[in-house]
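S.K.: Build out the structure end to end from the sequences listed, making use of the hints.
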Amino acid sequence: MNKTNLSDLYRRLTANRATLTLAADDLAAAADGSLQADRREAVAEALAASPAEARLVRMLRELKSESEALAANVARTERHTAHRRHQRDAGRVAAGRRFGGTARWAAALAACLVAVVGVWTQRHLQMSHSAPQSTHVVARSDVIFSTRDTIFDSGMDKSKHAARSDNDHLFRGSFSDG
Amino acid sequence: MAIPVDIVHARLEALFRTYGAKVQALLLTYSLDKHGIDPADVAQEVRIRLWRALERDRSGAFHASYIQRVVASTVIDALRRAEVRAAEPLPDEDEEPGSVGEMPIEPDRRAGDVEQMQGLARCLAEIPERRRLPITLHLQGFALQEIADLAGIPSAEAARKLVSRGLEELKVRLRELGYGEFDE
Numbered sequence: 001m002n003k004t005n006l007s008d009l010y011r012r013l014t015a016n017r018a019t020l021t022l023a024a025d026d027l028a029a030a031a032d033g034s035l036q037a038d039r040r041e042a043v044a045e046a047l048a049a050s051p052a053e054a055r056l057v058r059m060l061r062e063l064k065s066e067s068e069a070l071a072a073n074v075a076r077t078e079r080h081t082a083h084r085r086h087q088r089d090a091g092r093v094a095a096g097r098r099f100g101g102t103a104r105w106a107a108a109l110a111a112c113l114v115a116v117v118g119v120w121t122q123r124h125l126q127m128s129h130s131a132p133q134s135t136h137v138v139a140r141s142d143v144i145f146s147t148r149d150t151i152f153d154s155g156m157d158k159s160k161h162a163a164r165s166d167n168d169h170l171f172r173g174s175f176s177d178g
Numbered sequence: 001m002a003i004p005v006d007i008v009h010a011r012l013e014a015l016f017r018t019y020g021a022k023v024q025a026l027l028l029t030y031s032l033d034k035h036g037i038d039p040a041d042v043a044q045e046v047r048i049r050l051w052r053a054l055e056r057d058r059s060g061a062f063h064a065s066y067i068q069r070v071v072a073s074t075v076i077d078a079l080r081r082a083e084v085r086a087a088e089p090l091p092d093e094d095e096e097p098g099s100v101g102e103m104p105i106e107p108d109r110r111a112g113d114v115e116q117m118q119g120l121a122r123c124l125a126e127i128p129e130r131r132r133l134p135i136t137l138h139l140q141g142f143a144l145q146e147i148a149d150l151a152g153i154p155s156a157e158a159a160r161k162l163v164s165r166g167l168e169e170l171k172v173r174l175r176e177l178g179y180g181e182f183d184e
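Just so you know, the sequences run in chain order V and F.
The numbering of the first sequence is the numbering used here, which starts it at 1 and goes up by one.
The numbering of the second sequence is the numbering used here, which starts it at 1 and goes up by one.
Mixed in with the good hints there might be a few duds.
What follows is a list of derived Cβ distance ranges for each label pair [unchecked claim]:
#1 F:Arg52 x V:Leu113: 53 to 63 Å
#2 V:Thr21 x F:Tyr66: 20 to 30 Å
#3 F:Ala14 x V:Ala110: 23 to 33 Å
#4 F:Val114 x V:Glu68: 37 to 47 Å
#5 V:Ala110 x F:Trp51: 28 to 38 Å
Since the hints were made in silico from the structure, they are not lab data.
No residue lacks a Cβ here, since even glycine has one placed at the ideal position from N, Cα and C.
M.R.: Dropping the structure here:
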């Protein structure tokens with residue numbers, strides 16, 4: 001006598017009336033063995049009544065090692081990318097520093113040059129302005145000298161007059177007395 | 001030095017392709033294609049969702065548990081779409097409604113099957129709930145450790161005892177009711 005397979009019969013029974021009731025999180029947790037205690041009974045009953053969800057959980061269990069390998073490989077690839085990106089950025093910074101040093105020297109030299117040119121220009125301008133000033137000074141000096149001359153003149157005149165008058169006076173007096 | 005974005009992209013593409021192929025193979029191994037889904041479509045959808053997740057948050061951790069959830073949600077979505085399609089009235093009368101979930105059954109077997117299924121449901125209902133859950137999980141194909149984890153049974157050995165006693169009780173009851181002999 002042929003024996004009926006109990007598992008096949010039960011799966012056909014449940015397939016006919018099964019509905020998908022579990023969320024992806026519950027299914028993943030059931031496969032992972034990390035179901036919360038308060039969800040365990042409901043999830044277990046749902047899995048017992050749904051061949052599709054039961055198969056999916058069993059499939060996820062088998063897929064777990066592949067998922068872990070994928071996560072590790074993706075992380076490694078991403079880390080490698082980040083490392084390359086970091087190296088590239090570091091290279092840019094180093095090049096920037098090198099270029100920055102040259103640029104600083106060039107800027108310093110340019111500043112010196114500008115300062116020299118500025119000083120030279122100012123001096124040149126001062127020199128060009130200083131010509132009429134000296135003329136003015138000479139004129140003033142002349143005035144001073146002429147004043148002094150005047151003073152001397154007047155002084156000289158005075159003494160001349162005084163001496164002459166004194167002399168004259170003396171001579172005149174002596175002459176008149178004698 | 002050339003920016004290795006293309007190389008990284010190609011490497012990730014290869015990783016996702018390999019993973020997608022594995023998902024597709026497992027969907028066939030676990031007969032999920034018999035629930036009205038196309039394993040190749042599901043595998044492609046898994047790859048797309050993983051790519052999007054990676055692009056969305058490049059710095060975020062791409063954990064195995066997250067990948068598992070992506071697969072679970074993709075398969076569940078596909079199963080729900082298949083369920084809706086199966087529930088919709090088919091224009092072609094030759095198509096057999098209700099056969100989406102399982103292998104087609106010959107008409108002469110169907111009557112006997114329905115009778116046996118009704119008998120099985122009746123006998124299971126008679127078993128106390130504490131023993132019924134491990135039996136039904138076993139009949140759905142879960143291993144003893146998985147049954148212990150899911151049903152909150154302390155050990156696989158305790159689950160084994162519950163399952164073996166419960167199955168024996170079930171077979172005896174089915175025989176008593178005249179449904180014939182059963183194996184596992």
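S.K.: Confirm or reject the claim that Arg52 of chain F and Leu113 of chain V have a C-beta distance inside 53 to 63 Å.
M.R.: 59 Å Cβ-Cβ, so the 53 to 63 Å window holds.
S.K.: Measuring from beta carbon to beta carbon, are Thr21 of chain V and Tyr66 of chain F in 20 to 30 Å?
M.R.: 23 Å, holds
S.K.: For the hint 37 to 47 Å, verify it against the beta carbon of Val114 of chain F and that of Glu68 of chain V.
M.R.: 44 Å, holds
S.K.: Please test the hint of 28 to 38 Å on the beta carbon pair from Ala110 of chain V and Trp51 of chain F.
M.R.: 53 Å, violated
S.K.: If you check the beta carbons of Ala14 of chain F and Ala110 of chain V, does the distance land in 23 to 33 Å?
M.R.: 54 Å, violated
The structure fails hints 3 and 5 (numbered hints given earlier, in ascending order).
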